[in-house]
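Q: Protein chains in written order, with the working numbering: chain S, 25 to 471; chain U, 532 to 827; chain Z, 113 to 386.
Some hints here could point you the wrong way.
Said to hold, decoys possible - Covered, in the sense of this in silico footprint (three residues per stretch, anywhere, with C-beta under 8 Å from a C-beta of chain Z), are these stretches of chain U:
1) 552–564
2) 680–686
3) 691–698
Said to hold, decoys possible - Under the rule of at most 27 Å between Cα atoms (straight-line distance), these lysine-lysine pairs were calculated in the BS3-like manner:
4) S:K197 to S:K180
5) S:K107 to Z:K240
6) U:K818 to Z:K329
7) U:K680 to S:K449
8) S:K275 to S:K263
9) S:K274 to S:K153
10) S:K275 to S:K85
11) S:K119 to S:K348
12) S:K375 to Z:K240
13) S:K219 to U:K680
14) U:K635 to U:K734
15) S:K206 to S:K414
16) U:K680 to Z:K175
17) Z:K329 to U:K539
18) S:K197 to S:K153
19) U:K539 to U:K635
20) Z:K115 to Z:K211
21) S:K224 to U:K680
22) S:K107 to Z:K377
23) Z:K157 to S:K224
24) Z:K377 to Z:K175
25) U:K632 to Z:K329
26) Z:K175 to U:K734
27) Z:K157 to U:K635
28) S:K263 to S:K375
29) Z:K211 to S:K85
As the list claims (entries may be wrong) - A few chain Z positions that, by computed beta-carbon distances, are all more than 12 Å from chain U:
30) T117
31) A130
32) V172
33) N288
34) D330
What the hints contain is simulated information worked out from the structure, not anything from laboratory work. Idealized CB from N, CA, C, for every residue including glycine.
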Amino acid sequence: MNKGLLSGRSALLAGALAATAVLSACGSNNSSNTASEGNNTPAAGGEQVTLRVFSNLPDRKSGQGLAEQMVIDNYTKENPNVKIELETLAEEPFKNKLKAYMASNEPIDVTMVHGGAELNTLVQAGYVKELDPAEYEGEAFSFLPGVYTSFTFNDKLYGLPRNSDYEVIYYNKRLFEENNIKVPTTYAELIEAGKQFREKGIEPMSINGKDLWSFGAFFQDLVIRVGGDQNLMLDAVAKKKDFTTDETFKKAAELLGEARDSGLFQASYMTSDYGASQNLFTQERAAMWYMGSWEAGMATNENLPQTFRDNVAVLKFPVVEGGKGKNTDLLAWNGGGYSLVNSSKHPEEAKKFFDYLMNAGQWAKTVWDIGAAVPAQTYQLNGNESSLQKELTEVLTGATTTAGSLGLDYGTPKFKDDSQNAFGKFFAGGSTAEQLLSDLQSAAASQ
Amino acid sequence: MHKVLNNKLAIFLFVFPGILLFALTFLAPIVLSGYYSFRDTLAPGTNSTFVGLGNYTELLFHDSRFWLSLRNAVLLGLGFIIIQHPIAIFFAIMLDRIGGKAEKWFRTIFFIPSVISVVVISKMWLSLLDPTFGVLNKLLDSVGLGALKHAWLGDSSTALVSMLVILIWAGFGWGLLFYYAGVKGIPEDLYEAASLDGASGFKLHLRITVPLLMPVITVQITLAMITALKQMEMVFLTTNGGPGDSTQFLAVYLYNKAFSASQYGYANAISILFIAVCLLFTYLSNKLTRSDATEY
Amino acid sequence: MKKNTKIMLWLFFLIIAAVQLFPFIWLVNFSFTSSSEFYSSSILKWPDAPQWQNYINAWVDGKFARYFFNSFFVTAVTIVLTVVLSLTLGYAFTRMQWKLRSLFFTVILLGIMIPIHATLLPNFAIFKSLGLTDSYLGLILPYTAVSVPLGTFMLTGFLRSIPKAMEESAVIDGANIYRIVFGIIAPLTAPALVTIVVTTFLNCWNEFIMASTFLSKDSLKTLPFSVMNFTGQYSSDYGSQFAVMVLTSVPAIIIYAIFNEQITKGVTAGAVKG
């Protein structure tokens, strides 16, 4: 079957260019025009249309869900003949429901998709529509280079990314200061900080262990820090390297074992889902949270305690002593996005809305302005950014290399499931570093 | 009488809707599942290739997770039978003895967990068993047993037992209700006769009550085994089979294979074996516990 | 000595009652607190200020009234269908004489054993092609299908324990088969029927896997599903999450409390005779 077709090298370029793109967008003021301007001929007073949109963002009042809702509201205001029927589900039920929709060829119009393995399944089922990349060139969309990789299969584009995703460590400055614990820059210091927090009765680092994928990302971060090579992990998934023979993997797996055995993660980490791990951090019970860049909205979410919002900051994944990787080697990819559905009953209206949504002035601008995520498109700094947003931007613009894909998403869905299970086994204490690697290897080999 | 009970039209009208509904929601999907179980496909609607018995041989001979799921279900079922049911029988007898208003009140209270949605129960227990903020660990701390504190659901050595405790807690009301009903149906004079023979207390119940409850016990044990095998929602919502497959069950495993891993053909092979296993267990437990009072 | 055992028994029962009730008390307690209080070190906590807002969130954003109606409607129709079908099937299986009776009886009883999750996805495809998804019927039919086998099982047990004299004299009076089943047997089996009503109620009221697979339209969704969705929407707000859980649980508890006596009677009548 067809792998993600990504190359880490092209994504590397993306990171570097993102830097210039962000900067050059500063001060230019022309991106607020909307896509619908050019082509809303049949719109006003036209035929009533109801579009079905399927999303994984149930929270419509803050973060990315708010951004998505704002764009939808903008669109229905400008196109009174269009009604948008939105269905939202939380992440896991969302994925399952989308599979069920795919199986029955349900005529929804626009759906949120996860790039990589999951989108690949939708593509093979013929459920999502091919897009013409030429239509999305230029200033109206201004996608960063290289961001289509997880959405491209056999050289054809099937969706557009909504964010630049990269793993960071969010941390609580106050908890570090009050307990006189050094903010870690090396992995040994991270482990040490973990031990110190644990002694003080504070959970060191929160992670969504029940969902398992964060373990995969953490491991990939370690591989990058040890080996200094973004492609190693992806090559191993694509069966060009071997998990069991390469020294880098061995070292990374051992370091992963240190995190497990030293109690770096919260006590309940194996049963914590996304929300639980986040709450532990936002309620200031955990000093750090290992998560992706899409959580910038925490700093501006008024439901969270003020002391937390004042103290949340971002840390790059620390370097490993003796490792070849730098802390500017970033585990970045484009995960979430949107696709058009082939069985749509209103293909033209659906595409109009889709193009509107993906216009740089809509999703990208909105999501950045409300501080919910870092877009996959050039965006303007508006001067009102939270310090968390600025720090996140610096992590991205300062990146010297980027991964392009999560290793877990680089193979088939079966590989993802099998390897997540391998990590689950490892963290449940049932296996050693060697076993983890051999499990990963057989997961890669049997896909 | 005979003529009325032979009314063909009435029989048809009585039976047909039920059978039709049954065919639609059980038989047709099973046939479809059977078809897919011989194929390799990501999902219905995608390319699929015929693999013969490939999925089945892989499952039966190379998939340790499948066997682990089955083992967990059996352990859970045994847990029900060895722990939950004796407790329920004991409580049923005691409830009958306590009498009066208390009998009614306790019966009501004991049943309340059984009426609450699994979604609620699972969230509740996740919080109660949280290693840091959960009530159980706080309780252990406050009585000086802090050393026993544990990530109950998050540790593979205690996860299955914790799951058993939650399920016993949640299902206790049902078991109690059925045994209680059984106890209530035992005529008082039987006890009197037995106590005249000199039996009393525990012995009395062992000699009189338990044998008379046998028909109920038979049905309940079969149902307990089936409940264990079918276990899905609670696991799905608390541990999702983890940590490290320690609470993996067939229904959860097949759900994840179909949805997360996109191994649709394989998942359907699990479905078919799953159904076969359920039927086999029903057959076996009927055979083993068969008594003349139950007939079907 | 006798008094002592009585006291011991009482004490023991009180402890168990506390264990059975505690989680619910705990849930109610924390539905009135703010998220940060959830992480406090006490087991139960008197809220600094009762957070009625949690219940407002649950009621308004949880669209409680809407989902409550859906749950109520779906459950009610399912119960009616289940009772009617269990009654007719049960009667046909125990009293009437026809050739394939034991075969069909076995087939229906298999419905108790077959795990619904094993058939979920093909089920969705079939319902979809029949245009049944995204309608009340799309839930009512599978719920009924799942409830009928158990109902039939309970009812056949009960029917076997009823002497045939009543029916025989009715036949002599000239009653037809439908009068017998709905006019004579139905009232006679009332205790068993109540048990079927309540078990069906609890199963449907709390079901969520099928609901979340078969329904997309927000206007059709049922309560347990709303708990799932609401916890996504209010993932950072434990108090509101708990409030929605309390609201969902209360109707079930009330219904149970009302029918408590009848259920026990129904089970008693049916269970002993197997």
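Q: The structure should be examined with respect to each hint, and the outcome stated for every one.
A: Do the hints match the structure? See the list:
With a threshold of 8 Å between beta carbons, the proposed coverage of the stretch 552–564 of chain U by chain Z holds, since 10 of its residues qualify and at least three are required. Beta-carbon proximity to chain Z at under 8 Å applies to 0 residues in the stretch 680–686 of chain U; the threshold of 3 is not reached and the given coverage is violated. Check result for the stretch 691–698 of chain U against chain Z: violated, 0 residues qualifying (beta carbon to beta carbon below 8 Å, three or more required). At most 27 Å may separate the alpha-carbon atoms for a hinted pair to count; K197 of chain S and K180 of chain S exceed this at roughly 45 Å.
Taking the CA atoms of K107 of chain S and K240 of chain Z, the gap is about 24 Å. The hint holds against a cut of 27 Å. Proposed proximity of K818 of chain U and K329 of chain Z is contradicted: the alpha carbons are some 47 Å apart, above 27 Å. For the hint linking K680 of chain U to K449 of chain S, the alpha-carbon distance of about 22 Å falls within 27 Å, and the restraint holds. Between K275 of chain S and K263 of chain S the alpha-carbon distance is near 19 Å, which keeps this suggested pair within the 27 Å criterion.
Using a Cα cut-off of 27 Å, the hinted pair K274 of chain S and K153 of chain S is violated, with the two alpha carbons roughly 41 Å apart. Annotation: proposed proximity of K275 of chain S to K85 of chain S is violated, straight-line Cα distance about 43 Å (limit 27 Å). Our distance criterion of 27 Å between C-alpha atoms is broken by K119 of chain S and K348 of chain S, whose separation comes to about 37 Å. With a CA separation close to 25 Å, the supplied pair K375 of chain S and K240 of chain Z stays within the 27 Å bound.
For a cut-off of 27 Å, the pair hint linking K219 of chain S to K680 of chain U stands: about 19 Å separates their Cα positions. Among the hinted pairs, K635 of chain U with K734 of chain U is consistent with the structure: their alpha-carbon atoms are about 26 Å apart, no more than 27 Å. Among the hinted pairs, K206 of chain S with K414 of chain S is consistent with the structure: their alpha-carbon atoms are about 22 Å apart, no more than 27 Å. For a cut-off of 27 Å, the pair hint linking K680 of chain U to K175 of chain Z is broken: about 39 Å separates their Cα positions.
Between K329 of chain Z and K539 of chain U, the direct Cα distance comes to roughly 42 Å. Violation of the 27 Å bound is thereby established for this hinted pair. With a CA separation close to 46 Å, the supplied pair K197 of chain S and K153 of chain S exceeds the 27 Å bound. Of the supplied pair hints, the one linking K539 of chain U and K635 of chain U is violated, its CA atoms being roughly 46 Å apart against a limit of 27 Å. Only pairs whose Cα atoms come within 27 Å are accepted, and K115 of chain Z paired with K211 of chain Z is rejected, the gap being roughly 60 Å.
The straight-line distance between the Cα atoms of K224 of chain S and K680 of chain U is roughly 17 Å, inside the 27 Å bound, and the hint therefore holds. For a cut-off of 27 Å, the pair hint linking K107 of chain S to K377 of chain Z is broken: about 53 Å separates their Cα positions. Restraint check for K157 of chain Z and K224 of chain S: the C-alpha separation of about 24 Å stays at or below 27 Å, so the hint holds. A hinted pair counts as satisfied when its Cα atoms are at most 27 Å apart, and K377 of chain Z with K175 of chain Z does not qualify at roughly 37 Å.
Annotation: proposed proximity of K632 of chain U to K329 of chain Z is violated, straight-line Cα distance about 47 Å (limit 27 Å). A distance of roughly 56 Å separates the Cα atoms of K175 of chain Z and K734 of chain U; the hinted pair therefore is violated under the 27 Å criterion. Between K157 of chain Z and K635 of chain U the CA atoms are separated by roughly 30 Å; this puts the pair beyond 27 Å, and the hint is violated. The straight-line distance between the Cα atoms of K263 of chain S and K375 of chain S is roughly 38 Å, outside the 27 Å bound, and the hint therefore fails.
Note on K211 of chain Z and K85 of chain S: the hinted pairing is violated, with a Cα-Cα distance of about 63 Å set against a maximum of 27 Å. The beta carbon of T117 of chain Z sits about 9 Å from the closest Cβ of chain U, which is not more than 12 Å, so the claim that it is off the interface is violated. At the 12 Å boundary, the C-beta of A130 of chain Z falls inside the reach of chain U, the nearest C-beta of that chain being 9 Å off. With a least CB separation of 20 Å from chain U, V172 of chain Z remains clear of the 12 Å interface cut-off, as annotated.
In this structure N288 of chain Z is not separated from chain U by more than 12 Å, as the shortest Cβ-Cβ distance comes to only about 7 Å. The Cβ of D330 of chain Z lies farther than 12 Å from every Cβ of chain U, with a closest approach of about 18 Å, so its non-interface assignment holds.
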